[in-house]
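Using the sequences and the accompanying hints, generate a full structural model.
So in UniProt numbering, spot 13 of the sequence shown is number 13, and the numbers just go up one at a time.
The hints are simulated quantities; they were obtained by calculation from the structure and are not laboratory data.
Owing to the predicted nature of the structure, the values given are computational and were not obtained by experimental measurement.
Every residue, glycine too, gets a C-beta built ideally from N, C-alpha and C.
Check the hints yourself; a few may be wrong.
Unchecked claim - Simulated restraints, written as ranges between beta carbons of each label pair:
| # | residue 1 | residue 2 | range |
| --- | --- | --- | --- |
| 1 | T102 | S32 | 35 to 41 Å |
| 2 | Q241 | A70 | 32 to 38 Å |
| 3 | A64 | T219 | 20 to 26 Å |
| 4 | L9 | D56 | 17 to 23 Å |
| 5 | A33 | G203 | 45 to 51 Å |
| 6 | S256 | A70 | 36 to 42 Å |
| 7 | T132 | D189 | 35 to 41 Å |
| 8 | D189 | S34 | 47 to 53 Å |
| 9 | R169 | D239 | 25 to 31 Å |
| 10 | A204 | Q241 | 20 to 26 Å |
| 11 | A64 | T127 | 45 to 51 Å |
| 12 | D266 | S32 | 56 to 62 Å |
Claimed, not checked - PhoX-like mimics (lysine-lysine), calculated; alpha carbons at most 25 Å apart, straight line:
| # | residue 1 | residue 2 |
| --- | --- | --- |
| 13 | K21 | K35 |
| 14 | K53 | K27 |
| 15 | K68 | K53 |
| 16 | K12 | K30 |
| 17 | K53 | K21 |
| 18 | K12 | K27 |
| 19 | K78 | K21 |
| 20 | K53 | K78 |
| 21 | K74 | K12 |
| 22 | K12 | K68 |
| 23 | K35 | K12 |
| 24 | K35 | K68 |
| 25 | K30 | K74 |
| 26 | K12 | K79 |
| 27 | K30 | K53 |
| 28 | K68 | K78 |
| 29 | K79 | K35 |
| 30 | K12 | K53 |
| 31 | K35 | K78 |
| 32 | K68 | K79 |
| 33 | K53 | K74 |
| 34 | K12 | K78 |
| 35 | K53 | K35 |
| 36 | K53 | K79 |
| 37 | K21 | K79 |
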Amino acid sequence: MVRRRRLGLELKRLREGAGLKGNDAAKSLKWSASKLSRLEAGRSTPTPADVTKLLDLYQLNDEAQREKLAILTKEARKKGWWQLYSDIPYTTFIGLEAEAETILTYETVIPGLLQTSQYAEAINRATGPGLTDEALEQRLDVRMQRQQLLTQHNPIQLRAVLDESALCRLVGGPEVMRAQLAHLLDMADSPNVLLQAIPFSIGAHPGTLVGPFIILRFTHQEDPDVVYAEANDDPYSGDPQAYQVVFDNLRANAASVPQTLGLIRDRMREL
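Printed below as a string of structure tokens:
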């Protein structure tokens, strides 16, 4: 998914460098404007033939650059493990997440990467009442596979800010919630996981109206940050810089890591 976005951005740069508008380029190739727009936005994968047509149209004669783009096209067409699950609604996000270096997230429930299987199952059942047992099991399998990002070689860096309500909402019953909180304490020991909570005592805070969101940051400079916010009509339309400001303010409002671990332990004693 990241390589597809990188390819799309490069094709857009070449089109603009050739002095062509999107509609004009699409018309020249007898394509719909939406086809080119989706390719440039990284929302669909071009065939090698499509890329060749575009490079010819843009009069790119540099063979080394054409070869580089041919390799990128081949890589962009590779399928990830998550694409075996056809009924999962957020495969685009999973593809981006799989190639991210750092995740910054604000949540009002326990983040997916930190959920126990029992907590995840309870969340899925509550939010998908019409789903079959097979579909629920499929979603649970995907969530558990995603969590390998935190324990793999060169693991992803996770910076999570939770509203205290995520610690207090009794998902799945007392035993499930107690096990979930214990798992948070275990994961917080990992050097690649930083966990903070915003106490109820803070009152309103920057996330109150913004709602949950995730910022994905990548290794390569040419891959821009991506914001995922379900509350938006287009969940990928958010401005990464604006959300970064919100995230920084959330961290400033949040309890320190030791204080957060204390909140979790207090909640466990209450259960």
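Here is how each hint holds up against the structure:
1. T102 with S32: 35 to 41 Å: holds (36 Å)
2. Q241 with A70: 32 to 38 Å: For Q241 and A70 the Cβ distance comes to about 33 Å; the hint holds.
3. A64 with T219: 20 to 26 Å: holds (23 Å)
4. L9 with D56: 17 to 23 Å: This hint holds: roughly 19 Å between Cβ atoms.
5. A33 with G203: 45 to 51 Å: holds (48 Å)
6. S256 with A70: 36 to 42 Å: With a Cβ separation near 50 Å, S256 and A70 fall outside 36 to 42 Å, so the hint is violated.
7. T132 with D189: 35 to 41 Å: holds (37 Å)
8. D189 with S34: 47 to 53 Å: The hinted range 47 to 53 Å holds for D189 and S34, with Cβ atoms some 48 Å apart.
9. R169 with D239: 25 to 31 Å: holds (30 Å)
10. A204 with Q241: 20 to 26 Å: With Cβ atoms ~23 Å apart, the hint holds.
11. A64 with T127: 45 to 51 Å: The hinted range 45 to 51 Å holds for A64 and T127, with Cβ atoms some 49 Å apart.
12. D266 with S32: 56 to 62 Å: Between D266 and S32, where Cβ atoms are some 58 Å apart, the hint holds.
13. K21 with K35: Between K21 and K35 the Cα gap is close to 14 Å, so the pair holds against 25 Å.
14. K53 with K27: holds (13 Å)
15. K68 with K53: Distance of about 16 Å is within 25 Å: holds.
16. K12 with K30: holds (17 Å)
17. K53 with K21: OK: K53 and K21 at ~16 Å, within 25 Å.
18. K12 with K27: holds (15 Å)
19. K78 with K21: violated (29 Å)
20. K53 with K78: Given pair K53, K78 holds - Cα atoms ~21 Å apart, limit 25 Å.
21. K74 with K12: Roughly 18 Å between the alpha carbons, so the hint for K74 and K12 holds.
22. K12 with K68: OK: K12 and K68 at ~16 Å, within 25 Å.
23. K35 with K12: The given pair, whose Cα atoms are some 13 Å apart, holds under the 25 Å limit.
24. K35 with K68: holds (23 Å)
25. K30 with K74: holds (24 Å)
26. K12 with K79: holds (23 Å)
27. K30 with K53: holds (11 Å)
28. K68 with K78: holds (16 Å)
29. K79 with K35: Since the Cα atoms of K79 and K35 sit roughly 20 Å apart, the hinted pair holds (cutoff 25 Å).
30. K12 with K53: Given that 25 Å is the threshold and the Cα spacing comes to 14 Å, the pair holds.
31. K35 with K78: holds (20 Å)
32. K68 with K79: holds (20 Å)
33. K53 with K74: holds (16 Å)
34. K12 with K78: holds (21 Å)
35. K53 with K35: Holds: K53 and K35 sit about 14 Å apart, inside 25 Å.
36. K53 with K79: holds (23 Å)
37. K21 with K79: violated (31 Å)
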